[in-house]
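If you're matching them up, the sequences are chains A and B in order.
Numbering follows numbering that gives the first Met the number 0, in which position 49 of the first sequence is assigned residue number 48; successive positions increment by one, without gaps.
Numbering follows numbering that gives the first Met the number 0, in which position 127 of the second sequence is assigned residue number 126; successive positions increment by one, without gaps.
Treat the hints as calculated values from the structure; they're not laboratory data.
All the given hints hold, so there is nothing to weed out.
Okay, the calculated bits of chain B under chain A, using three or more residues with CB under 8 Å as the criterion:
| no. | stretch |
| --- | --- |
| 1 | 188-198 |
| 2 | 201-207 |
Over 10 Å on every C-beta distance to chain B, these chain A residues come out as not near it, computed from the model:
| no. | residue |
| --- | --- |
| 3 | Asp13 |
| 4 | Ile108 |
| 5 | Leu162 |
| 6 | Arg201 |
| 7 | Glu283 |
| 8 | Pro309 |
The C-beta atom is built at its ideal place from N, Cα and C for all residues, glycine as well.
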Amino acid sequence: MAIGVHNVSKRFGDFVALDDVSLAIPTGSLTVLLGPSGSGKSTLLRVIAGLEQPDSGEVAIAETDATALPPQKRGVGFVFQHYASFKRMTVRDNIAFGMKIQKRSKNEIRARVDELLELVQLQGLAGRYPSQLSGGQRQRMALARALAVEPKVLLLDEPFGALDARVRKELRAWLRRLHDEVHVTTVLVTHDQEEAMEVADRIAVVNQGRIEQYGKPRDLYEHPATEFVMTFVGPVTRFGEAYIRPHDLEVELQPSARYEEATVEKVVHLGFEVRVELALSEGERLEAQLTKREAERLELLEGQRVFVRPSRLTEVEEDAPGARVAS
Amino acid sequence: MSQQAHAEPIAPRGRPASKPESRGRAVRAVLVGIALFYVLVLIVAPLAGIMYYGLRNGVGAITDTFSQPDVRHALYLTVVIMLITVVVTTVLGLVVAFVLARDRFPGKSLLSAFVNLPLAVSPVVVGLMAILLFGRGGWFEPFFSAQGIQIVFALPSMVIVTIFISIPFVIREVVPLLEELGMDEEQAAWTLGASRLQTFLRITLPNIRWGLFYGMALSAARAIGEVGAVLVVSGQVQGSTETATLYILRAFDQYQAERGYIVALTLAAFSIVLLIGIEAFRRRSLKRAGQE
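Could you build all of it, start to finish, from the sequences and the hints given here?
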């Protein structure tokens, strides 16, 4: 295990940020801590980095107890949401900072910085100051700076949170490729489930200071252990008493057995995906997700009468893989 | 002409906006005029007067003044007090600023208000407070007299009151900078292996240095100009506990106005140099802040 978190609790005044959290993160993985704001996911990351002291519990990094170690001695690289670039230093000096502290030779530093500049695709910008870079460039510089000291684990706190949607998507894919190249154990915090699904090997869903489920993205999506995981990871819509994924709702124009009648309230074209908002005869609302082709076949219009049936129900499985052991 | 008359109803958009604007400009001109007049009458004219009285008898009077042992000692004492004050208020000010900007504790707002107290209290009162603490029968007097250390009517008390009066300047300049800076850069430096001292020297200090210099310059200017508190605690012993400002007061009392003017001019020149320095620091500080 690259990181072991054992029974960690942390309070801020009356607020319980972490409630007896345990987590084992395998070496070389890219793990995402996913949860809404205030769930404790960032606090957990900062506890791992040593930037926060837990009230109780232990943290181990690379099989060594690190609970009492200051952040300087933990061998972690940390990337902050708002870049935390050293404003008064050039890109080169930013990246070289950690190595200068380690008193490495000038030639070694220069060679390593050049290598990292290439890795994060900032060649030619070495002499710029952070204020002359875009947000995406600053964050890549921050990543190079963290990687420069060869950390045992790389911790990213909402690294793309301050970027606009397009850059965020690009950087996500880039980070995934980078991780496949560099293989350093990485923990990323985000509140964006799409981002989590895209980059993670494993996801820990954090809610109210606890880990609700920890497992592979697909397991969380298909076998959610709690209602929270089901509603937070992937879209759901209510169908009577049950939950379904909007893409598991079949829409037909002709009535047939086990189909319920509904009225089309709104049709939203999102490109490949078409979102249809429906109202059942009892007034209950739900959402269906169709492909463009299906929608074209049905030629749905607002106010139209249709018939719907769930093709698959998604149920909470308390014994799902990675479910939190009841305590 | 007729074209203009014709144009008026067609272009009403510019009109309503331009009228208040020109009125605003007139108001501004009047206010600037008042401010300029104020500066001229209350600062420039007296300064010119001091220069005139100080310099009208030429170089002879100046060398005569500076050859006086009292004058030399008074200027020396002022410089000594200023240097000690700047060093102490800088170190103490930085510590307090860090506590105020970074820590959370009960009574923080009280401390924050307390920091500004020296600006609100009359220096004469500050001097009296020092006498109460260190003077004959004062709380700390037995302790220091047992050690054989003279506080009141000697350099220590003069330094203590000047420090007390000058302490807010560094704090007031540095706290907002630290608050704005946040802790991200420092924490990033920690995770990169930098110790707290390395982080302070390499990351925090470069970020706050112009504001810090500005606070130090203000502190120095205040220390040089201090009269009231020092007057109370020094005992005004010629050639011993007499600072430059106290010398000026005495020179006028003893009908040696010319020497007073010359020393005053010296202090004024020093303050003007500081002022220019302060302005330069402030501009750089603002420019840097604007860059982000």
